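Trainee: What follows is each chain in one-letter form.
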Amino acid sequence: MSTFAAYLKKEHMESSRQSKYLVLGAFFGFFALSTPIMLRLMPSIIESQMPSFPKELMEFDAVYSVQNYIRNIYQLGNMAVAFVLMGVLADERLQGKLVYPVSQGASMAGVVGAKLVHYGVAVSAIVFASTMLNYYYSVVLFPGNNPGIAAAAQSAGLLAAYFATRVVLVAFASAMFTKPLAAGLVALVVSYVEPIFTSLPRWKSFVAYSLIDIAGNSLGTGSGMGMGTGMGTMPGAGVGAVGGASAGAMTAVGRTGNEVNGWVLAAALIVEVAVIALVTVWRMKNVEIAPGAGGQ
Amino acid sequence: MLNVEALSKSYGQTRALRDVTFQVTAGQVFGFLGPNGAGKTTAMNIIAGLMDFDYGSVTIDGMDLRRNRSGLRGVVGYLPESPTFYGYMTAREYLLFIGDVSGIAPAANRARADELLDTVGLAEAARRRIGGYSRGMKQRLGMAAAIYNRPRLLLLDEPTSALDPEGRLDVITLIARMRDAGMTVFLSTHILADVERVCDSVAIIKDGAVVAADSMTRLRERYIQPVVDVVFDRMLESVPAQITSAVHVDRVTLDGDRMSVFMRDLEPGKRELLHALADLDADVASYSLRQPSLEDIFVRLVNSR
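Quick mapping for you: the protein sequence lines, in order, are chains A and B.
Residue numbers for the first sequence follow our numbering, so the first one is 1 and each next one is one higher.
Residue numbers for the second sequence follow our numbering, so the first one is 297 and each next one is one higher.
What the hints contain is simulated information worked out from the structure, not anything from laboratory work.
Quick caveat: nothing in here was measured; it's all calculated off a predicted structure.
Please note that the accuracy of each hint is not assured.
[Said to hold, decoys possible] Only pairs whose alpha carbons sit at most 20 Å apart, straight line, appear in this in silico EDC-like list of lysine to aspartate or glutamate:
#1 B:Lys502 x B:Asp525
#2 A:Lys97 x B:Glu377
#3 B:Lys434 x A:Asp91
#4 B:Lys434 x B:Asp414
#5 A:Lys9 x B:Glu389
#6 B:Lys502 x B:Asp315
#7 A:Lys285 x B:Asp350
#8 B:Lys434 x B:Asp410
#9 A:Lys97 x B:Glu389
#10 B:Lys502 x B:Glu411
#11 B:Lys502 x B:Glu454
#12 A:Lys204 x A:Glu272
#13 B:Lys566 x B:Asp579
#14 B:Lys566 x B:Asp525
#15 B:Lys502 x B:Asp350
#16 B:Lys434 x B:Glu389
#17 B:Lys434 x B:Asp466
#18 A:Lys204 x A:Glu259
#19 A:Lys285 x B:Asp360
#20 A:Lys97 x B:Glu454
#21 A:Lys179 x A:Glu288
#22 A:Lys97 x A:Glu14
#23 B:Lys566 x B:Glu517
#24 B:Lys434 x B:Glu377
#25 A:Lys97 x B:Asp414
#26 A:Lys204 x A:Glu194
#27 A:Lys285 x B:Asp348
Produce the entire structure from the sequences given, and follow the hints as far as they go.
Mentor: Structural data, given as structure tokens:
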């Protein structure tokens, strides 16, 4: 317990002093603010470029705005989390920073547990807050079809839970690879490949990406164009949550509907996260942590 | 205290340690010497429980390292050659963090941090971020972190290499104080003068294998050179015939007023030389058996095989 508490304190100090909170907060906050603003400006931009473009396709509402944010932040947020946290364990090992704590009796389960809890909570809180910020500005800029604060909070919670699973994934990759960049890229590839499994009915209830699906669906039906705001597109169109629009107006979010069993998904993710965390601890217990050992 | 038996470790095709065997008695300062790349740091990383090994055994305080890895953490303190810290912390914050990890109560932790910062001469820089420290300051902080929870076995890898002469002396004095307090110190260093000053026993390692391991006294006795240096009150023009003709004398060199007599057999040679000097009409200012320095022994062992 002493290791867990000591590392929790240390990670908080590190994130504050190395501006990790600021970087993640600014990143998610920027897109939370810029997505509805871009969407609001889009009709004017398109009208000036294509005067004959049908105006009815450019009538957005708050639901669509928040769904658009979820779509963008899935792709970009994964990058931010992977690149900010890719060295969370690899750096400690490679640079010999674990030598003193471990030789003084630190437990590896405490070290890994503190990092997962700290970054899981921090990233989830930032994602939740930024999604609610996005909801607020979406409602301000697009009066009318308001998804409601409860639905928005539910979506924000699901998005936060999704990114908490990404923290565990990045930490796992960081324990497996000596080079932080390799860890970040592997975690990113896994996150981007995962949506493929949501197209397989049997797998849908077992992959974290379904949280993104449900987060979009729970907001209700939005209206807007299927082409997005230009700030990001879903990987593998047609696989993602917010696809499903023809060239015309987009109706509803997600072609998947609510086919995912929430309880099964929650249980599956808890088990997956626990297994990944245990393997991470096992790996860190068995890996050589002497300075430069990873390079040998 | 520490028993290393046939310890072996390879990195791919390279054998870093080959059947390394030595013992360290409790309460001793044990010097671990060897040229660069001899395997000293690998051996220390293994003993510190930070690295696995291929075969052999390491026993600390009667406990097998492999079977009691987690139980032995905290028994062993380790100062690596280039200690790394969290650069955004201050020295005091880092030591408090180490104390927190060790489970020391907050009040005792603060007192211990302040005591050690004072001991290693970092009290004034205690609230500066470690990222701005010089290498010598980091070495001192590393020393404080290594002894934070009063380990029974302290492993020091080149603890004085980054220090100025005054700092070196401080560290050597600190090592001696720790020995006096009952701690066993395992010291790896290139600075042989430091070893001579503070070590009770040494092991010399070359190409991953131990070439000598003994107490300093026995090592000196074993590698004593059969040479007697005689200094006269006045310059000699030539080597006296009585000395060159002595049965047990191999050869004699003359350098001003100093004559060095190399013996074939030391014990009878010394007696024979004293008789020959008594017969000479020359005033002898000093007569001494040449003492081998650790450097002589080290060079001889490292170059001999």
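Trainee: Measure nothing beyond the straight line between the CA atoms of B:Lys502 and B:Asp525; if it is 20 Å or shorter, mark the hint as holding.
Mentor: 32 Å, violated
Trainee: Check the hint pairing A:Lys97 with B:Glu454 against an upper bound of 20 Å on the C-alpha distance.
Mentor: 18 Å, holds
Trainee: Straight-line Cα separation of A:Lys204 and A:Glu259 no greater than 20 Å?
Mentor: Cα-Cα ~8 Å, so holds.
Trainee: Is the Cα-Cα distance between B:Lys502 and B:Glu411 20 Å or less?
Mentor: Not OK: B:Lys502 and B:Glu411 at ~39 Å, beyond 20 Å, violated.
Trainee: Within a Cα-Cα threshold of 20 Å, do A:Lys179 and A:Glu288 meet the stated pairing?
Mentor: 14 Å, holds
Trainee: Quickly compare the C-alpha distance for B:Lys502 and B:Asp350 to 20 Å and report which way the hint goes.
Mentor: 19 Å, holds
Trainee: B:Lys566 and B:Asp525 were given as a pair; does the straight-line alpha-carbon distance stay at or below 20 Å?
Mentor: 11 Å, holds
Trainee: Taken at face value, is the distance from the CA of B:Glu389 to the CA of B:Lys434 at most 20 Å?
Mentor: Given that 20 Å is the threshold and the Cα spacing comes to 14 Å, the pair holds.
Trainee: Tell me if the straight-line CA distance from A:Lys204 to A:Glu272 falls inside 20 Å.
Mentor: 14 Å, holds
Trainee: Need the status of pair B:Lys434, A:Asp91: alpha-carbon distance at most 20 Å?
Mentor: 19 Å, holds
Trainee: Decide if the proposed pair is consistent with the structure: B:Lys434 and B:Asp410, CA atoms, cutoff 20 Å inclusive.
Mentor: Roughly 16 Å between the alpha carbons, so the hint for B:Lys434 and B:Asp410 holds.
Trainee: Taking only the CA atoms, is the gap from A:Lys97 to B:Glu377 under or equal to 20 Å?
Mentor: Holds, at about 13 Å.
The structure fails hints 1, 10 and 25 (numbered hints given earlier, in ascending order).
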